[in-house]
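K.L.:
Sequence:
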Amino acid sequence: MFNRVALVVDDAPANRDFLERLLGGAKLRVISAGSGQKALEAITGVQEIALAVVDMKLPDMTGLQLIPQIRQRFPEACLVIATMLDDRDTMEAAFRQGCHIFLVKPHGFVELFHRLNNGDICDVRDGPRLVIDQYGPRVFNLASGNASASR
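Numbering-wise (this note's numbering), the sequence shown opens with residue 41 and increments by one.
Zero decoy hints are in this set.
Under the rule of at most 25 Å between Cα atoms (straight-line distance), these lysine to any residue pairs were calculated in the SDA-like manner:
(1) Lys-67 - His-147
(2) Lys-67 - Glu-151
(3) Lys-67 - Asn-43
(4) Lys-145 - Pro-177
(5) Lys-145 - Gly-74
(6) Lys-145 - Arg-111
(7) Lys-78 - Arg-111
(8) Lys-67 - Pro-115
(9) Lys-67 - Val-144
(10) Lys-97 - Val-150
(11) Lys-145 - Asp-57
(12) Lys-67 - Asp-51
(13) Lys-145 - Pro-168
(14) Lys-145 - Asp-126
Just so you know, these hints were derived from the structure itself, not from any lab.
Please read these numbers as outputs of a predicted model, since none were measured by experiment.
Construct all of the structure, not just a fragment, from the sequences and the given hints.
P.N.:
Right, dumping it as structure tokens:
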């Protein structure tokens with residue numbers, strides 16, 4: 041039985057389908073939506089979310105606008121921004137909005153799956169902020185704006 045819930049928000053049906061299968065394979069029950077507003081409607085009445093994977097560019101808002109709304113409802117959720125933008129300013133903005141993981145598409149999906157299966161996806165209170173891209177997982181230091189290798 042799948043007790044933990046994941047939220048997937050991506051306007052591309054192929055990406056949503058892929059993430060649904062990936063997260064389902066990690067034994068998460070998945071709620072998915074194609075826009076920010078539909079995501080907020082879909083989580084009405086949901087008691088707990090363990091993980092949210094949010095695309096940066098949505099048709100009605102940005103992932104950076106949606107993340108704080110999810111954070112407010114589910115302060116214990118691990119929040120992941122998934123994007124093809126991998127510049128430092130975007131990373132910093134995502135982490136400042138409350139993200140725990142900055143995942144660069146498509147490179148980070150396998151690492152995310154492995155972390156979910158190992159039970160070490162993220163520590164929402166004090167854990168490091170991670171960048172997962174073609175170079176693998178790296179810890180991001182908000183103070184310096186630098187990412188360093190991590191395993």
